[in-house]
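Taking the hints into account, I'd like the entire structure generated from these sequences.
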Amino acid sequence: MPVFYGLEITSRLMLGTAQYPSPAILAEAFKRSKAGVATVSVRREAGHDRAGQDFWSLIQKLGVTVLPNTAGCHSVREAITTAQMARELFETDWIKLEVIGHADTLQPDPFALVEAAKNLNQEGFKVFPYCTDDLVVCEKLLTAGCRVLMPWGAPIGSGLGLNNPYALRSIRAHFPDVPLVVDAGLGLPSQAAQVMEMGYDAVLLNTAVAKAGDPAIMAEAFAKAVDAGALAHKADPMLPRDMAAPSTPILGKAFL
Amino acid sequence: MKIIVNGETIETQKNTLADLLIELERAEDRIATAVNKTFVPAKARDTLKLLPGDRVEIVAPRQGG
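From first to last, the protein sequence lines stand for chains A and B.
First residue of the first sequence: 2, per my numbering; consecutive thereafter.
First residue of the second sequence: -13, per my numbering; consecutive thereafter.
The hints are simulated quantities; they were obtained by calculation from the structure and are not laboratory data.
Heads up, a few of these hints could be off.
To be verified - Subject to a maximum C-alpha distance of 16 Å in a straight line, what follows is the list of computed EDC-like cross-link-like pairs (lysine to aspartate or glutamate): (1) LYS29/B - GLU221/A; (2) LYS119/A - GLU79/A; (3) LYS35/B - ASP5/B; (4) LYS(-12)/B - ASP32/B; (5) LYS29/B - GLU92/A; (6) LYS127/A - ASP94/A; (7) LYS127/A - GLU9/A; (8) LYS35/A - ASP178/A; (9) LYS23/B - GLU79/A.
All figures in this text were calculated on a predicted structure; none of them were measured in a lab.
The following block contains the structure:
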């Protein structure tokens, strides 16, 4: 099972808490996903609304490790201040660092991301950077002190799956000892299995479960997919080949 | 004095962030705060003096991906 900053997690599935039809469905989805980590955010409460207080109670009952994010931040300063507020709010130094650089694709700004990561690591945070699948950016994030990398599969909420399997394989090959998580863009359990077959440590997703017709069933499907993919990786899959190779023995075939 | 809390202008006579949170009935809630884009830890709210035009942010745990 994955170990992040010295803490072993009981599942290879990390699940977001947003966009569920109801708190009850969220709780059921988490139960069936067996997810070990839940991502959360910090936001204003409108007027006399106290939804955040109720949400906090719900999260505590899930029995999962909480990973706050800096979603929606577009600058280094914004991300750092959000992280500082999240650390106090959730009583954790874990932070999923998002610094968005493009409004349409929600693509991380790699330059601001590295700068924010460096600052936060120096402040004692344990940074989980949501990054592109650029090998050089990943290297700079490690140099900045990150001990986990979370490259995207595809843009957040797109459900496109793995846009660039080559880049993801390349990151795995170059950083064999760094915990790697594909974060964002997954739409189907088969895509999560593909990530695990590559030897990744975990997947992080939200929309694929929350926006499914039945989030709880989809959560279970993803749980089974990550387990299957991890087993497949452990089993050392065969190499693909262009030409056919008969599986049934030729020897002993009747002469007809 | 007038200050801005979560984007809304309000009138208050409270001089510290801690007193403002009591006035807003938020002191007992699980919240985090920032003033003028700088994080203010809970332990510093007593000594954080508010000035006219200050922008106060009060955030709470919410759903996230």
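Sort out whether ASP32/B lies within 16 Å of LYS(-12)/B, counting only the CA atoms. violated (19 Å)
Given the hint that LYS29/B pairs with GLU221/A, does the C-alpha gap stay at or below 16 Å? Given that 16 Å is the threshold and the Cα spacing comes to 42 Å, the pair is violated.
Do the alpha carbons of LYS29/B and GLU92/A lie within 16 Å of each other, as the hint requires? Holds, at roughly 14 Å.
Please work out if LYS23/B and GLU79/A have their alpha carbons no farther apart than 16 Å. holds (8 Å)
Are LYS127/A and ASP94/A close enough, with their CA atoms no more than 16 Å apart? Cα-Cα ~6 Å, so holds.
LYS35/B and ASP5/B were given as a pair; does the straight-line alpha-carbon distance stay at or below 16 Å? Status holds; Cα separation ~10 Å.
Can you confirm whether the C-alpha distance between LYS127/A and GLU9/A stays at or below 16 Å? holds (14 Å)
Given the proposed pairing of LYS119/A with GLU79/A, does the C-alpha separation stay at or below 16 Å? Judged against 16 Å, a Cα distance of about 14 Å means the pair holds.
Does LYS35/A pair with ASP178/A here, judged by a C-alpha cut-off of 16 Å? Violated: LYS35/A and ASP178/A sit about 25 Å apart, past 16 Å.
Of the numbered hints stated above, those contradicted by the structure are hints 1, 4, 8, listed in ascending order.
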